[in-house]
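So the sequence lines, in the order shown, correspond to chains A and B. At position 42 of the first sequence the residue is numbered 44 (my numbering), and the sequence of numbers has no breaks. At position 111 of the second sequence the residue is numbered 289 (my numbering), and the sequence of numbers has no breaks.
Treat the hints as calculated values from the structure; they're not laboratory data. Even glycine gets a Cβ: it sits at the ideal position worked out from N, Cα and C. Relax, there's no trap hidden among the hints.
In silico EDC-like links for lysine to aspartate or glutamate, alpha-carbon gap of 16 Å or less:
| id | chain 1 | residue 1 | chain 2 | residue 2 |
| --- | --- | --- | --- | --- |
| 1 | B | K219 | A | E90 |
| 2 | A | K104 | B | E284 |
| 3 | A | K104 | B | E237 |
| 4 | A | K60 | A | E22 |
Which chain B residues face chain A? A few, computed with CB under 7 Å, are given here:
| id | residue |
| --- | --- |
| 5 | L222 |
| 6 | R275 |
| 7 | F287 |
| 8 | Q289 |
To list a few chain B residues with every Cβ distance to chain A over 12 Å, as calculated:
| id | residue |
| --- | --- |
| 9 | T195 |
| 10 | E200 |
| 11 | G231 |
| 12 | G239 |
| 13 | K242 |
| 14 | A250 |
| 15 | T260 |
| 16 | H263 |
| 17 | P264 |
| 18 | V296 |
This is what each chain is made of:
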Amino acid sequence: AQSVTQLDSQVPVFEEAPVELRCNYSSSVSVYLFWYVQYPNQGLQLLLKYLSGSTLVKGINGFEAEFNKSQTSFHLRKPSVHISDTAEYFCAVTAGGTSYGKLTFGQGTILTVHP
Amino acid sequence: GAVVSQHPSRVICKSGTSVKIECRSLDFQATTMFWYRQFPKQSLMLMATSNEGSKATYEQGVEKDKFLINHASLTLSTLTVTSAHPEDSSFYICSARDVFGTTNTEAFFGQGTRLTVV
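One chain only, chain A, in its complex shape:
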C-alpha cells in the first residue's frame, strides 16, 4: 500500500515569487509520481509525472518537480508564480503492473497567489 503526505495545507504567496509545494510518500514497492492541479468544481489536470530517468521533471505552466528517492519526496516548484496559479494541487502515486493508474492522493495544498 502507498500513502502520500502533503506537508502544507495552504500556501499563500505573492505574485512573481517562487513557490515550493512539498510532497512525501511511503510505499513498499516502486511507485510512479504525479502532480495534479484542480480548479474549483473541476476535474484534475496533470502538471507533471515521474516515471523513470532524470529526477528533475518539467511540466506545464512552468512547474517542475524533483524526485528524491532517499528522502521519498517529490516537491513541486515554480520560480515565479502568477495569479492564475491559484488552485489546489495534489500529489499522487501509483504502483506498477495491474495497479497502474489507481492513484493514492495526498491531502492537497491550496496555493493562493496574491497581487
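Take the given structure of chain A and dock chain B to it, following the hints.
Okay, now just chain B, sitting in the frame of chain A:
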C-alpha cells in the same frame, strides 16, 4: 490528448432516489476506469476500479450495492448511487487510462459531478 467526459456536471436529487453518472472516453478505449469521491475540503479517495466486461473492484469500506458500477463498453462506465442520502453528497470524479495509446502512462480525469442530495 485523450479526453474523458463526465456527465452530468451537477445534479440535485431527493433523498431515496437513484442517480446515474456517466464517464466516457471520447477518443480512446479504456479497459479500466477509476471512480473517486471527494468530500468538501478533502482529498480524492478511490472508490472502485471499473473493468470493461467484468465486475468492478471496490475499495474497502465502499458499499458495492449502493454504488453500482457498470462498464459495458470500452468507452463508457457508469456509477449509479442508489437510494441516495444526504451523506452521499460529494464530488465524484472518474479517470481512465489509454492503455494502448502513446499516453498510456497517464490517467485522464473527467470534469467531475457535484451530487447534492436533499
